[in-house]
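Going line by line, the protein sequences match chains A and B.
All letters in the first sequence, in the order written, are residues 1 to 898 by our numbering.
All letters in the second sequence, in the order written, are residues 10001 to 11098 by our numbering.
Bear in mind the hints are in silico, worked out from the structure with no lab data behind them.
It cannot be assumed that every hint is accurate.
[Claimed, not checked] Calculated Cβ distances over 10 Å to all of chain A for the following chain B residues:
no. : residue
1   : Ala10175
2   : Asn10179
3   : Trp10688
[What the hints assert, rightly or not] Among chain B residues calculated to face chain A with C-beta under 8 Å, some are:
no. : residue
4   : Asn10111
5   : Thr10313
6   : Gln10315
7   : Pro10385
8   : Thr10386
9   : Val10603
10  : Leu10633
11  : Ala10710
12  : Ala10715
13  : Ala11076
14  : Gly11080
[What the hints assert, rightly or not] To spell it out: a stretch of chain B is covered by chain A in this simulated footprint if at least three of its residues, at any positions, have a beta carbon under 8 Å from a beta carbon of chain A; those stretches are:
no. : region
15  : 10345–10356
16  : 10692–10702
Every residue gets a Cβ at the ideal spot worked out from N, C-alpha and C, and that includes glycine.
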Amino acid sequence: MAAKPLFDVAPLAPWLERGDTVLTANHRLARYIQRAWDERQRAAGARAWAAAPASAVESWLLARWEDAVAAGRLPLRRCLEPAAVHYLWRQVIAADDDGATGFTLLQPGEAARLAQRARDTLLRWRIDGGDEATRQLFRLGGDSAHFLRWLDRFEEELARLGAATPADCLRDLLEDPAPAAGPLTLVACHDLSPLVDACLARLGEPLEEAPPAAPRAMPEVRCYAGQHDELRAIADWCAALAAARPGARIGVVVDADSVRRAALDYQLRRAFDCVDANYHRLPVNYSAGLTLDRAPLVRDALGLLALLEGSVDLSAFLALLRSRFLPLPDRDDAAMVTFVERLRALGARRIELGLLRYQAGRAGTALGQRLLELREQTERPGRRDGPGWVGRFREFLAAFGWPGTGLDSLEYQQYGLWEETLGSFERCAALGPPLGAAEALQLLRECLGQRVFQPKTADTDIQVLGALEAAGLAFDALWVSGMHAGAWPAPARPNPLIPLSLQRRTGMPQCSPEGEHAFASRLLARYAAAVDSLVMSTALAADGAPLLPSPYLGDAPAPETAPAPGEQAWRRRREALELETVADSCAPAVGGEGVRGGAGLLESQAACPFRAFARYRLRLAAPEEPVTGLNALERGVLLHGALYSLWGSLGDSGTLAALDGPARRRHCEASAEAAMDALRPERRQVVGGACLALEQARLADTLVAWLDLEAARPQSFAVIAREEPVELALAGLVLNLKLDRVDRLEDGGELVIDYKSGSTQLAGIFRERIDSPQLPLYSLARGPALNGVAYAQLRPRDLRLLAAGVGEGLADLEKNLGKYLAGDPAVEDWEGLRSAWRERLEALAGELMAGEAPVAPTATACRHCDLASLCRIGAVEDSAGEGVEFGAADSALPGAVE
Amino acid sequence: MTLADADARLAAIDPAASVCVSAPAGSGKTELLIQRFLALLARVEHPEAVLAITFTRKAAAEMRERILDALADAASEAPVESEHGRRTRALADQVLARDRDAGWGLLDNGNRLRVRTIDSFCAELARQMPLLSNLGGSVATVDDASELYREAAEGLLAGLDRAPAQNPDLAALLAHLDNHWERLATLLASLLARRDQWLSYLGAHRDEAASEAYLRAALQALAGDVLGDLAARLQPAAATLDALLAWRHGQGEGDRLEGMPPPSPEALPAWRELAAVLLTNDGAWRKRVTRAQGFPGGGKVEAVAAMNGWLETVQADTDLAEALARVRILPSAEDAGAWPVLASLARLLPQAVAQLFIVFQRRGAVDHSQMALAALDALGDDDAPTDLALRLDYRIEHILVDEFQDTSIKQYELVRRLTRDWAEHNAANPGAPRTVLVVGDGMQSIYGFRDANVSLFLKARDEGFNGLRLTPLQLASNFRSVRPVVDWVNDQFAAAFPPEDDVVAGRIRYTPAVPTRDGGGAVAVHCFRGEDGADLVAAEADFVAAGVLAALRDAPGESCAVLGRTRRQLQPVLSRLRSAGAPVAAQDVDALGSRPVIRDLLVLCRALADRYDRLAWFSLLRAPWCGLGLADLLAVHEATATGAVSGWLLGDRRAPGLSTEGAARLAAVAAVLARAEATRDRRGLRGWLETAWLALGGPACYPPESDGAAAQFFALVERADAEAAGLDVAWLEREVGRLYAEPGDPRAAVQVMTLHKAKGLQFDRVWLLDIAGGTRGDDRELLAWDQHVTRAGERFFLLAAEDHSDRRSPSLYQYLREEAAVKRSLEATRLLYVGATRAVRELVLCARPGWDDRRESFRAPSSAALAAALWPRVLDGAVEHVVDVTAPAAGEGPPPLERLAAVPVAPEAPLSEAPVAENPWEAVGLRERCIGTAVHRVLEGLAGRYPLPAQCGAAERHLATLSLAQAGLPAMDEAEALAEVLEHVDRTLADEGGRWVLAAHPEGATEWALTALDDAGELRQLVLDRRFRDGETGEHWIIDYKTSRPLPGEAPEVFEAREAEAHGAQLAAYREALAAIVGGPVRSALYFTALGRLLRFP
Ligand code: SF4
């Protein structure tokens, strides 16, 4: 059964019977007239009939222009597509930008759009840009004066290219010496421009207007607390209507806001049960499609092509790796995992293509292979013309296997449109000089951004359209949403590049509040005349600020109550399933696989056993994030390295004491320099020479200051071990330790030293559950000669040696020891402490080996832990966001959007 | 009853006068604004000539609504009661009359009322002047641009990639910050965020030398002002001190201090010495001076005794001691310190701004500051002002600015530029003056931490704009609170506010309110204390919640509010009220980001977004919908040690040691994820995610209360999709941080909100939480800055980087930090004032001050506390609550694993999409299609022409070119294709059959569209290339053009037969359709243009 037509064709019948041309404001309406006519003929019992001669005004006139050109009555000009016109404007503006004008526009593309529209309006309102009085008017304004200069250049460009915009063509059409006039009937052609009017006046003989219908629908008004509620209600209304009256034609008017359109789409899918399984059976037709650059297939092509620019954004590249349109057979293989890990470890936000290729190749990925094949192309893309680039794009994408196999029909249509757009890209590119890679991609993106993808779907019962598109369509029921005072009537939006006085005088569109009001009123009247029932609605708030109902809504009723959040489907799911809690804090004991680690392993176990399990047995960590400059770990490594080398050359305190200032500095500088080698070459490349040079200088300075402190130590010492690897077994756990340094003091006793680049405290080694097990562990690794342990804190401007222990002339150490031991009844002296350390560390190691892994963090453990998503600890102290200063970060910004 | 401030109220709505209205809390400011707006409307040409600027979008909407309501009420002659209501009505009547005369249609088009926020007005200006504003056209503004600042900062840093010499300033700063690039990036980003403050001073318009000179001048001016103030305050003692110091100098002490130093920056060292003499290290007055200070000899020496005597007299003046202590850290221009760093920073900032511009360009979005700067650009600077008369759609003649106490420099500058020639205009047109009204309340200035600057309000009041003077008006009547509340507020705050206004220091004095509202009411202060370990927060929350619930019971119709400084403070009361089932609304109090449902949804997103995020995948398997145990996790780890988890999970899932139950759970999850993978990018993002979440059993993992949070999350995902962010986890994580639980019914009887949010509202009963609490953290920020207006009225922006200085050395950084602390403390008092003045009849203040056991009294709170300046008077009559220590809950074990009991069965549904078999695009041939179209088009042009040309002419060539281009043929193929098209046409023209087809015939038509019913009764749209009636035979003919050619080696007959076969059915349908129309026999033919052959069908 055919759908009910969306146009009441009866009043038009006399003209259509005669075969008169019927012109409408847009294609959509013309199509509906044809369909309505067909239905009428069928109903009358005809088997075949001439199609109703209905077309959109603009395209009909352009066809007449073509006729006149073809007949040689008008000069041939190439009629440019919108993307090309835009590109031409871009060029004109860019050329002007470099010039003497002195301004740099943030959005030259937007300026081009405005200029394009301004010129179009001028032509259509038949304002002669060459007329001196008019030019004077333009010169008086600031923006319009600039525009006038652009306009002149644009005209020159058009003339040079022998090109025209559609409005130029219509103007030419007026010059047609022998127009083929005939009877014309206008349907719902409101607000045509003077240029079109003039053309019609020449071509229409007679020119008639179809009579308007009288209003019949009484609008019903509804209000909602929020916009989501409104959209949800619309969807439910559609579903209810469609169920109650199959075949009813339903229209929904929404504004162009993409967020609201997406929300409505979801709501309709929910209401019609087309969220997933019936995704392609949603009985809804949208008048506005997706721009092609947003279609996943094309989006990913653009992502790939971005490689031609020589470097890529890491996150964009990673997003590309999940593309369905990029066949990667080894996607889940170890090589890819390694590659991505290494890529992240670079710490760079943007990655040079060379580095990317190297890493991909080194890990042995298929991607690396392809990048290597494309090396020549990507390295020197050079400048090329349109066809040159299109060729390159195709080759490049083909090399990656894009778009893969198994496209569905929508993707297929998108692929076709992509191909068409490449043609449009070429035609645009032909208007200017050869392009570099970045420019070519920019142009391609623009062309794709202007190309709208409209899925080819059957004529469906429900139409979602813009305010203007819905006018005059004969819906059974129409819902006009978003009718708040700020939108109905719309605020005036004059074109800023045309003098206002001129706009007002000639009645250009959108230039006055009065005009907008009249326009909105006409629109509403046309809805009311065409539909059976009309609903008008608004939300009463958006983004936290109130919205006033449009005056057209009269006394707006109270808002309808919103349903509880959450969907029916969620509740059903909740009813069907049950939760259980199980104790699960013990993993299998460590077996043959063992567990690798050093002091950090026990530190984790002490801080939170679950963390030790996840980090060391599951080897989990959050993916590395990019950093600017060197990260904390690297700085620590460099510091360690520099101290290693420094004491390698100095050896003992005697040597140190014998050196004068400059000599010490020389040693420090040499050590700093030597330390820099520890950095991986890729990181050196990413971080850059300047950072390394600064770091080296800083290291040297730190070392110099540190030597002052070492020189002032009360006892002489010799460094007897540096970075010494030690294997230590505790309760079956084998730890690989590295002792930063061991000093032998005057009295023969030893001091173990751990370097720290940040602020440190000794307290952590004296706790029952040892938070900082390094020094205790190191102490176990040394023999009875060990007399003390120390942190060397090399924090800028805060250098200290924090030590505790026993020994002659080491009063400070003993004082520290005494202080800390005072709080611990279980331990009396240094020897006692050492054995307590052994017991405590063995207990920790034993826990770990037994697989004990409860989520039991110490008070501060979670602060710098990245595993919260896995351990599922309750709300971690959320320090972020909460009032940095006055706790009012939530309050209104001055004058800001609330 | 006449009001005490009746004259001021009348003056405020005088449409011929420019005024500055100080309107304390509850003084009916909004009504006044409305009245003035109406009064102005009645006198202007266009309603757009009156501009009102409000602080928030909400305020703008409300103001517009109230104006329109006033007009609508007037139009419908609704009855009025009150005095001010009658005044409003009279004004509204005048506007209606004006509206009728001028045909404005205000009631039908409320948009015409120009009521804007500063941001929307700036955007409007920029939109109307896209080129002058340098924007180019409409551009998106983002509320939180921190990401963009960061990107710009990193961009700047990235430029330093080879050697420090590339950018010595950057290198110097890095060296200063211990080569900590992240920190510098953060610092630059935070500076970019506030560039509207310094841009005009350090921005790109100045050269380096000028910037440096500027900074030096600023330091000089600052020192001059501070010392001037100090000298003035010491004036009464100047003679005494001068003599004593001279004596001291005579003792051979004090090479710099010979007597009372002069108030000039050069004398700063002498001042510092003076401070050392008179003050202890801690900055308190010395009790006595000794040899160490240069006063040897003890009390018997006359000078020493005199000095000690004087010290005794000033002991109580701690303010003065503080002021004197300040010179110790006050820097002079010569104090090197971090000076080179500052100079580097000054040179670097313009570069950072340039980077930011590039970022804006790349992102196509700007921050509000940029929009304001664009608006200012559009208005032109004073040397080249923009003639607004020619630019704006309607000239602005009157400006009203609300909440001017919280104005920022950009807003101030905007008003200044808008009113540039108004003073002259008014002098020339005394009958039709242009006017400005600013209204605000210095006592309610609470946005200092956002760069609002209350001294601008004082400045506007005292100086006006560009010579346009404002009449200062002070309102005093309080229509909101009952007398006991007003009295208490007057009493407490009069003493807490500074005694005098001070433009430079941004100090505001208190103006007492005059109560006008009768009725009973009360103010109560409650203090909570207890031993260590006592939960005072809980006690306070219990007390407040109980109070609120009692109020709801006792006075059901009255509104209650619980106000606090931070969201976290409000949390405990809110949860108590919620669980007691009270009707409560709390906007933006409950952060959702840490809720399990949200965190698990994020895990799902992370895993779906990134198969290489191993942690996310394991988290996915541990989440309640799968709930894998530790042992099974270990097994999965072993099985996936090298590859990605996703591949294994969607593959064979073999893992030694995996439990049977674990395997079943994994299988269920795998099924869901496999489906998600198959439908990736084929569904709307939201639906796709939700489908997966549902299938996993997501909703069942959390209590029903979580649905609101989940719904918000999905709304966010919808936005991500619409804004093209797609499955961008970083974006989602950032946005999730801004999610708050739905506020609940906005008309609920109990409102829980922050003090800042409460501004402008009133409630019958108000509870204020923890007025003695300090604020968190006094970290050494990397930067300190301030604006300084000198006594001479010059304005400086002072900026200092963390210079690693200690707290007592001269340092601009230290100085600014201290200044900021003082300002914060003043603002805290004002914030408390805002809170206290929300109450209509009952005000309860709660405090949890520290308890001093030794003195048996409460300790004074930190200077940042709300009630610091009210201390200790605020305790008068306070109720004390002693809170017991409650034993902590018995040692709970580690949290157990929570998960779905049974493996969820995913609701299976077949996939609806079938992949398309192969790639027909190669087969179609874009070029062939284009050529076909062009040939048809040219033939269409020729058909019926008389005489028919022998071959293609220029027109045909044009037309072919035209249609090739319009059909989408790539330009590279054009020449060749054109030749081919013309060849087809020429061949047709040369062929007799072809000429017959094209010749003029009766009833000839080309591209003739018709509709026919097919056998199934379906409508078919047909287009006939050519039809006509042969004038000789009378037969109707249908011709279909074909541009196809024989295959290589194919005989023409074979080709024709093949084509006839292929198109026979179609032509038959054509014939049938036409026959139905013309009612006679119809014949048809194919015409092969490539061959010039007509193939007639029998
Ligand atoms: S976030 Fe806290 S509880 Fe979770 S693993 Fe880390 S330390 Fe343990």
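We went through each hint and held it up to the structure:
1. Ala10175: It is violated; B/Ala10175 is separated from chain A by about 6 Å at its closest Cβ, not greater than 10 Å.
2. Asn10179: B/Asn10179 not clear of chain A: closest Cβ-Cβ about 5 Å, inside 10 Å.
3. Trp10688: Incorrect as stated: the minimum Cβ-Cβ distance to chain A is 8 Å, not above 10 Å.
4. Asn10111: 5 Å, holds
5. Thr10313: 38 Å, violated
6. Gln10315: 34 Å, violated
7. Pro10385: 11 Å, violated
8. Thr10386: 6 Å, holds
9. Val10603: Result: holds, 5 Å to nearest chain A Cβ.
10. Leu10633: Since the shortest Cβ distance to chain A is 6 Å, the answer is holds.
11. Ala10710: Since the shortest Cβ distance to chain A is 7 Å, the answer is holds.
12. Ala10715: Holds, about 7 Å.
13. Ala11076: 4 Å, holds
14. Gly11080: 13 Å, violated
15. 10345–10356: violated (count 0)
16. 10692–10702: holds (count 6)
When each numbered hint is compared with the structure, violations occur for hints 1, 2, 3, 5, 6, 7, 14, 15.
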